[in-house]
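Spelled out, the chains give:
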Amino acid sequence: MSEGLVLAGASYRYAGASKPTLRSVDLRLDSGRVVGVVGPNESGKSTLCLVVAGLAPGVIGGRLEGSVGLDGIELNAMRSPDLAQQCGLLFQNSATQLSNMTATVFEEVAFGPCNLKLPPVEVIEVWWALRTVGLEKLASRDPVRLSGGQGQLVALASVLALRPRYLVLDEPTSELDPAGTKLVTEALERIVRETGAGILLVEHKTDVLARIADEVLVLDHGTVALSGPAATVLADPRLAELGVEPPAGVRLERAAKASGLEWSAELAEAVG
Amino acid sequence: MTPERPTATSPVVAEAEEAHLPEFVRRIPVGPYRALNPVTKATLAVVAAILAFGVRGWTGPAVVLVVVVSCAWTAGVLRRMAPFALATLPLVASILVVNTFLYPGAHDTIAKLGPLSPTWTGATTALQATLRVVAFGFSAALFALTTPVDDLLVELERRGLGRRGAFVVGSALGAVPSTLERAREVADAQRARGMETEGGLWRRFRGLVPLIGPVLFGALAEVEERTMALEARAFTAPGRRTILRALPDSGRQRAARWLLFVGSVVAVVVTLATPVRLP
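Protein chains in written order, with numbering that gives the first Met the number 0: chain A, 0 to 271; chain B, 0 to 278.
Quick caveat, the hints were computed from the structure, so don't treat them as lab data.
Keep in mind that a hint or two might mislead.
Unchecked claim - Among the chain A residues that face chain B by a calculated CB cut under 8 Å, a handful are:
1. M100
2. T103
3. N114
To be verified - Incomplete in silico selection of chain A near chain B, CB under 7 Å:
4. L54
5. P80
6. T95
7. Q96
8. F105
9. R130
10. W262
Backbone N, C-alpha and C fix where the C-beta goes; we use that ideal spot for every residue, glycine too.
Please take these sequences and the hints and turn them into a complete structure.
Spelled out as structure tokens, the structure:
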């Protein structure tokens, strides 16, 4: 098994389920790269996140076939606390990710580092995570009294605070407005650039993937229906058939061509 | 008892200051009562309950009420205790009515009010019981208003409860508002689908039935997600967690806690099991 986070022929079946939710998934996430995952509802995206983060079957049981490895080590051979430092997971429902044991956003974000017994001089580094997602001004607020979008940013900062080498983000912008989505997108770009982290990004907003993903993988009924470079996959005509809306740039290009308008590389650049 | 203010000599404080943790995390308590260790404040609340309900006569609850009100004034939370006082009103009202008008065996009638005969014995008993309830309610309010839940959890964890135990206590305390919130959301959703929740008692009761399933199963489903989220945040890492905030304690506070607890038990035993009677 090689460097990076690698799934090879991974199939996963939940405990008590008659059919597997994931079937023979191959995936590779290297440091400094962003792999986007899209797909319709019930296609297995969240399950893929749990498998990649080692929580399925590690914590919730079930049956995994194939292999899931991190830098050559099988995930099931690693302890949860060690794994948390290697591979951070942001859940789709941010409300359940918060500990409910802290009085301020700062302490909520510091919850993970404190669990790892880091000394206060290192815990103070949570400011970096808060700055990254634009939450500095909310640091003293009660985390349970935030809006859904703010709660999602707190959950993201909590994952970042552990400084994992790989981030698995399950729809990090689902509750965010356009400004929040832009903030998170820019933050993820910065994280990749500055820390060299590898990011597995499950996201319905294909515009976000078009901007930051190097590769995209489309899941359908638990299998990989399409995969490859982001620009190629997101422009694939089969995307819409799989229930995924192509990015605005792709749709605009198609509309322009269908109307007989000239579509240039400059225009595509301007549309973004 | 002189509570200790956290000082730079405390290793946790020194470390926190050195780390430049923000003020709202270090939360250095202001005033002597707030600076008490959470366990000392909890002990005071327990002792207040023992004295208010256990010591016969007016002395026990009266002393508790005076001490609690003084502490609340010192801690600057006296005004914020008003809602707690209001919360005791239904209980107080029923105590006053039942005892004053229906005290069994009392014949020292105050006045005849149609079929009702309020008695001096009943009124005295009612006032004494009211004093006990109010004294206890105020002491619980004082504890709640001056002790952040997370401080209590940190202290319990530091005293050996362990991070899992602290989490269970914290989750139980946090579950009440979140369950109410969930019930409100489910009720709104059901109402939007035509469920009737207003009107008579029976109709309201029937309206509760469709709430139970979603609230209960939703809470159970959340448990699994929370477990995974905790794992993903290194909650199961071995050893004690880093404590960011100093919670001062001292030999004097420890001694005072034992003294107060034992003293309150002795006071109750003396008034109940001996001829000694306090006013």
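Index of numbered hints that the structure contradicts, given in increasing order: 9 and 10
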